[in-house]
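Asker: One letter stands for each residue in the lines below.
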Amino acid sequence: MSSAAAPRPSRRRALSQQLGAWLGVAPFFIFALMFLILPTVDLLIGAFQDHQGAFTFDNIQRLGQPSIVASYWLSIEVSAASALFGALFGLALALAVLRGGLPGWLRPTLMTFSGVASNFAGVPLAFAFIATLGRMGFVTLLLANLFGFNIYAAGFNIFTFTGLTLTYLYFQIPLMILVVTPAIDGIKREWGDAAATLGANQMQYWRMVVLPVLWPSIMGASLLLFANAFGAIATAYALTGPSLNIVPILLYAQIRGDVLHDPNLGYALALGMLLITGVSNLAYILLRSRSERWLK
Amino acid sequence: MKRGSFGAWLAVALGVIYFLAPLIATFEFSLRLKRGEYSFEAYRLVFASGNFQSSFLYSAILALVTIVLGVMLVAPTAYWVQLRLPRLRALVEFITLLPLVIPAIVLVFGYIRLYDSSSWLPLTGSGFGTDVLLTLGYVALAMPYMYRSIDTGLRAIDVRTLTEAAESQGATWPVILLRVILPNIRSAILSGAFLTFAIVIGEFTFASLLNRPAFGPYLQLVGATRAYEPAALAVMAFAITWACMGLIQVIGQGARGSSAGTR
Numbered sequence: 001m002s003s004a005a006a007p008r009p010s011r012r013r014a015l016s017q018q019l020g021a022w023l024g025v026a027p028f029f030i031f032a033l034m035f036l037i038l039p040t041v042d043l044l045i046g047a048f049q050d051h052q053g054a055f056t057f058d059n060i061q062r063l064g065q066p067s068i069v070a071s072y073w074l075s076i077e078v079s080a081a082s083a084l085f086g087a088l089f090g091l092a093l094a095l096a097v098l099r100g101g102l103p104g105w106l107r108p109t110l111m112t113f114s115g116v117a118s119n120f121a122g123v124p125l126a127f128a129f130i131a132t133l134g135r136m137g138f139v140t141l142l143l144a145n146l147f148g149f150n151i152y153a154a155g156f157n158i159f160t161f162t163g164l165t166l167t168y169l170y171f172q173i174p175l176m177i178l179v180v181t182p183a184i185d186g187i188k189r190e191w192g193d194a195a196a197t198l199g200a201n202q203m204q205y206w207r208m209v210v211l212p213v214l215w216p217s218i219m220g221a222s223l224l225l226f227a228n229a230f231g232a233i234a235t236a237y238a239l240t241g242p243s244l245n246i247v248p249i250l251l252y253a254q255i256r257g258d259v260l261h262d263p264n265l266g267y268a269l270a271l272g273m274l275l276i277t278g279v280s281n282l283a284y285i286l287l288r289s290r291s292e293r294w295l296k
Numbered sequence: 001m002k003r004g005s006f007g008a009w010l011a012v013a014l015g016v017i018y019f020l021a022p023l024i025a026t027f028e029f030s031l032r033l034k035r036g037e038y039s040f041e042a043y044r045l046v047f048a049s050g051n052f053q054s055s056f057l058y059s060a061i062l063a064l065v066t067i068v069l070g071v072m073l074v075a076p077t078a079y080w081v082q083l084r085l086p087r088l089r090a091l092v093e094f095i096t097l098l099p100l101v102i103p104a105i106v107l108v109f110g111y112i113r114l115y116d117s118s119s120w121l122p123l124t125g126s127g128f129g130t131d132v133l134l135t136l137g138y139v140a141l142a143m144p145y146m147y148r149s150i151d152t153g154l155r156a157i158d159v160r161t162l163t164e165a166a167e168s169q170g171a172t173w174p175v176i177l178l179r180v181i182l183p184n185i186r187s188a189i190l191s192g193a194f195l196t197f198a199i200v201i202g203e204f205t206f207a208s209l210l211n212r213p214a215f216g217p218y219l220q221l222v223g224a225t226r227a228y229e230p231a232a233l234a235v236m237a238f239a240i241t242w243a244c245m246g247l248i249q250v251i252g253q254g255a256r257g258s259s260a261g262t263r
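Protein chains in written order, with our numbering: chain A, 1 to 296; chain B, 1 to 263.
Any given hint could be a false lead.
Said to hold, decoys possible - Pairwise CB distance ranges (calculated): (1) A:N245 x B:A156: 46 to 52 Å; (2) B:L121 x A:R189: 55 to 61 Å; (3) B:E167 x A:W191: 46 to 52 Å; (4) A:L282 x B:G36: 53 to 59 Å.
As the list claims (entries may be wrong) - Away from chain B, derived, C-beta distances all over 10 Å, residues of chain A: (5) A81; (6) F156; (7) L211; (8) M273.
Unchecked claim - Some chain B residues near chain A, calculated using beta-carbon distances under 8 Å: (9) I24; (10) A25; (11) I61; (12) L73; (13) V101; (14) P103; (15) Y111; (16) L114; (17) V132; (18) L136; (19) G137; (20) A231; (21) Q249; (22) V250; (23) I251.
Hints in this document: simulated from the structure, not taken from any laboratory.
All C-beta atoms, glycine included, are put in the ideal place defined by N, C-alpha and C.
With the rest of the complex left out, here is chain B (with noise of 0.2 Å):
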C-alpha cells in the first residue's frame, strides 16, 4: 500500500512538472522583451496592435454568432428527439458526432470545393459569403459539445410534463421552446456556449483556408515574424481557455444548487 502510495505520488509529481513547465516558461519567456529586465512590453505591444484588436473582434463576433445559431440548430432538435422522435436518436448522434470523426482540414477543403465561386451556392465568392460559410462551419465543429450539453440538459428535466402543461395552458411550440424548455437548461446552453466559445476563438484551419481575418491566422502571422509577442498571446489563449473552462463548473455547480434550493 505504502509503495502504491509513492508511485501515485511519483506519477503526479511528474504531471504537476510536465504541465506547469510550459505555464511558467511561457509567462517568463513573455516577459523577457526588454534586455536585461522583465517588463509587461510584450503584452502592451500585442494589445496596442491593430491587427490583435480586429482580429479578436472578428474571432469573438463570430463565436457569439456560432452559439446563437448552434443553439437555434440543436435545441430543437434535441428537443423533439428527446419528446417525439426517440427513434432518430441514434442517428442524430451520430450525426453530431460527424465533426470529430472528419478531420477539419478535410471539412474545410470540402467547403471550398462544394461552394466554390461557380458553383450552385457561390459562398467563398464575396466575403459576407465567406463569412457566412466560416460561421456555419464552426456551428458544424461545435456541434458534437452544443448537442451533448443540451442533450444532457434536457435529460435532466421532465420534458414530456413540463410541454404537456404548457401544451394545457395553450402554449404553441415555439412559446414552449423558449419559455418553457430553454429556461430549464440555460446552465447546460451556458456551458456549451462556452465551450463553443473557446473552440472558436482561437482555431486556425478554416479560418486559415477560407482566408478571413480572423484571430487564429493572426496568432500564426505573429509567431513567424516575432519572439516575444508569441508567448503573451500565448498566455491570454491559455487565460481564456481556462475562463471559459472555470465559467463551465462555476454555472454547473451554481445550477445544481438553485434546482435544489427551488424544489
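Chain A extracted, bound-state conformation (with noise of 0.2 Å):
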C-alpha cells in the first residue's frame, strides 16, 4: 500500500462513520418532530387563525372573557399556592432529615419515599384523599369522633380549591425534597466552620451564607413544581370533576365536547397554558445552570 493512498480511506471511513452517526439519531429526531414539535406547533398556528384559516388575533383577545380569565386564575392560584407549600414543606423536610442531625438511615427512606410519591400522582392519589378527608374519610371520622370535632361544619371539603391544594402537596413536596437534595448537598461543612471562625452565629451562618447559595435552587425548584401542578388534570378531574373549572379540566372538556364552541378559542386556550408551563420551565432551567456553580 503506498504511503499517498493510505489517507483516503481513512478519511472515506471517518466520513461513512459520521453518515452513521447521523442515520443512527434520525428517527429520533423524526419521532420528536412528529410526537412532540408538530403536534404542538399546529395547535399554536391553530390559536392564530380563523375557520377558514385566515390569520387572526381575534382567538387571543378572547381568552379575555371573564370566564376563561376566571379559569385561569384559579389554576394559578391553586399552582401557586401546591408550589409555595410544597417548596416550603419540602425544603423544611430535607433541611430536617439532611441536615438536622437525624439518624442516619432517615436520609435513604425519605428519598425512596419521595420517589414513590412523586410519581402516585392522577386519579388514585384522589382516591386516596376522598378516603381520607372526604365526609366519610378516615381523619374525617377520626377528628369527629375522637374530638367531636366536625371539619366539614368548619367549611372544610374536600372537593374545593383547599381541598386540591392539600391533595396536590401529595405529590408537591417529594418533588421538591428530590430537587433540593443536591443543592443542600452542595452546603459544605467547612463553610459552617468558616463562618464560625469569623465570629458569625448560628442564625447569621443560615441568613448570610446558607440562604443565598440556595436561594436559586428553592426559586427554580418552586417554578418547577409550579409548571407541575398546572399542567395537572387527572388528580383534579377525578377530585372535583368538572366543578373546579381550572385550565386544564376546562381544556379537557373543550377537547371532549367543544364546551367553548369554538375549536379555534380551544386552540388559544393550549397556547396560554403552554405559555405559562414554558416560561416557568425555561426559568427553572436558567436557575438550576446558576445554581450548579456551587455544586462543584
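Two chains, two separate frames, one set of hints: put the complex together.
Answerer: Right under this line is the structure:
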C-alpha cells in the first residue's frame, strides 16, 4: 500500500462513520418532530387562525372573556399555593433529614419514599384523599369521633380549592425534596466552620451563607412545582369533576365536547397553558444552571 | 444544636403524619364495603370485574410496547451522541425534556388535531391507529425518564473503548449496540423501564381523550360510580408504584455490586 493512498480510505471511513451516526440519530429526530414538535406547533398555528384558516388575533383576544380569565386565575392560584407550600415543607423536611442531626437511615428512606410519592399522582391520589378527608373519610371520622370536631361543619371540603391544594402537596413536597437535595448537599460543612471562625452565629450563618447559596435552587424548584401543578389534570378531574374549573379541566371539556363552541378558541386556551408552563420551566432551567455553580 | 434537633424531629413527625395518614386511611376505607365489619370484599369485586382485567391488561401491554419502543429510540440516539455527535447533546437533551414542558393535555390536543381522520396520517381514524398513536404518545411522555436513565448508564461505561474493541473484532454497529453496549447498561435500561411502566399503567389524560379502554379511564369511571372500590384500587396503584420504584433501587444496588465484583 502506498503511503499517499493511505489517508483517503481512512477519511472515507471517518465520513461513513459520521454518516452512520447521523442515520443512527435520525429516527429520534423524526419521532420528536412528529410526536412533540409538529403537534404543538400545529396547535399554536390554530390559535392564530379563524374558521377559514385566515390569520387572526381574535382567539387570543377572546381569552379575555371573564369565564376564561377566571379559569386561568384559579389555575394559577392552585398551582402557586401548592408550589409555595410544597417548596416550603419540602425544603423544611429535606433540611431536617439532611442537616438536622437525625439518624442516618432517614435519608435513604426519605429519598425512596419521595421517588414513590412524586410518582403517585393522577386518579388514585384523588381516591386516597377522598378516603382520607372526604365526608366519610378516615381522618374526618377520626376527628369527629375523638375530638367531636367536624371539619365539614367548620367549612372544609375536599372538593374545593383547599382540598385540591392539600392533595397536590402529596406529590409536590416529594418533588421539592428530590430537586433541592443536591443543592443542600452542595453546602459544604467547611463553610459553617469558616463562618464560625469569622464570628458568625448560627442565625447569621443560615441567613448570610446558606440561604443565598440555596436561593436560586429554591426559586427554580418552586417554578418547577408551579408548572408541574399547572399542567396536571387527572387528580383534579377525579377529585372535583368538572366543578372546579381550572384551565386543564376546561381544556379537557373543550376537547371532549367543544364546550367553548369554537375549536380555535380551544387552541388559544392551549397556547396560554403552554406559555405559562414553558416560561416557568425555562426559568427553572436557567436558575438551575446558576445554582449548579456551587455544586462543583 | 438541641433546639435544631427538636425542630428537625418536628418536621419529620409532621411529614410522617401527612404522608402516612392517606395510606392508612385509604386502606381502612377499602375494607369498609360490608357494613359493620372489615372485609376484602371491595378487592374481590374489583378483581372479579371484567373491565378491571381487560383495562389493566390493555395498559400493561401498552406499557411493555412503550418500553421496547422507547429503548429502541433512545438507546441508539444516546449512544451516537456520546460517541460521535457530542455537539448534538444539548439539543437532544432539550428535546427529551420537552414532554415535561408541554402539558400532556396540550400534546394530546395536538395529536387529535394533527392526526384526525381527514389528515395526511389519519391515526385516530381506526382503533388500531389510535392504539399506535397512544403508544407513541407514551413513548414521548416517558422519554425524559428513559433518556436520563440510559444516558447516565452510558456515561458510567467506556463507550469508546468498548466500541473500538468490538470494531476491531469485526462487529457491525447493530451487533455492537445489541451485544456489547446494551448488556453493559442493562440496569439503566431496567430502571427506565420500571419508571415507564409506573407512568403508563395509570395514565389518564391521553387514554381518556383518545377514547381507549385503558386502566386510567377505568379508574376514573369507578371513582365516579362506586364508593369503596376506588380506595381498593388506590391501594393497588400505590403498591404498583412502590414496586416499580423499589425494583429500580434494587437493580441500582445490584448493578453496583456486580460491576465491583467482576472488576
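Asker: Are the hints correct? Go through all of them and say.
Answerer: For each hint, the structure was consulted:
1. Restraint check, A:N245 to B:A156: a C-beta distance of roughly 47 Å satisfies the suggested window 46 to 52 Å.
2. Remark: the range hint 55 to 61 Å for B:L121 to A:R189 is upheld by a beta-carbon distance near 58 Å.
3. Separation of B:E167 from A:W191 is about 48 Å and conforms to the stated range, judged on CB atoms against 46 to 52 Å.
4. In this structure, A:L282 and B:G36 meet the distance hint of 53 to 59 Å, their C-beta atoms being roughly 56 Å apart.
5. No beta-carbon of chain B is positioned within 10 Å of the beta-carbon of A:A81; the least distance is around 16 Å.
6. Even its closest Cβ contact with chain B, about 15 Å, leaves A:F156 beyond 10 Å, as expected for a residue assigned away from the interface.
7. With a least CB separation of 15 Å from chain B, A:L211 remains clear of the 10 Å interface cut-off, as annotated.
8. Here A:M273 does not stay apart from chain B, with its beta-carbon only about 6 Å from theirs, under the 10 Å limit.
9. The beta carbon of B:I24 comes within 7 Å of a beta carbon in chain A, closer than 8 Å, and the hint placing it at the interface holds.
10. At about 3 Å, the closest approach between the beta carbon of B:A25 and any beta carbon in chain A falls short of 8 Å, and the interface hint on this residue holds.
11. At about 19 Å, the closest approach between the beta carbon of B:I61 and any beta carbon in chain A exceeds 8 Å, and the interface hint on this residue is violated.
12. Checking B:L73 against chain A by beta carbon gives a least distance of about 6 Å; that is within 8 Å, so the hint holds.
13. Below 8 Å, beta-carbon pairs count as interface contacts, and B:V101 has one with chain A at about 5 Å; its hint therefore holds.
14. Because the beta carbon of B:P103 sits about 3 Å from the nearest beta carbon in chain A, less than 8 Å, this interface hint is met.
15. Residue-level restraint check for B:Y111 holds (minimum Cβ-Cβ distance to chain A is 5 Å; threshold 8 Å).
16. For B:L114, the shortest C-beta to C-beta distance to chain A is roughly 5 Å, which falls under 8 Å, so the interface hint holds.
17. Given the 8 Å rule on beta carbons, the hint for B:V132 is violated: about 11 Å separates it from the nearest Cβ of chain A.
18. Residue-level restraint check for B:L136 holds (minimum Cβ-Cβ distance to chain A is 5 Å; threshold 8 Å).
19. The interface hint given for B:G137 is met, as the beta carbon of that residue sits about 7 Å from the closest beta carbon of chain A, less than 8 Å.
20. Because the closest C-beta pair between B:A231 and chain A is about 4 Å apart, less than 8 Å, the hint holds.
21. Checking B:Q249 against chain A: minimum C-beta separation of about 6 Å stays under 8 Å; hint holds.
22. Annotation: B:V250 was flagged as interfacial toward chain A, and the flag is violated, the nearest CB pair being 11 Å apart, outside 8 Å.
23. Checking B:I251 against chain A by beta carbon gives a least distance of about 13 Å; that is not within 8 Å, so the hint is violated.
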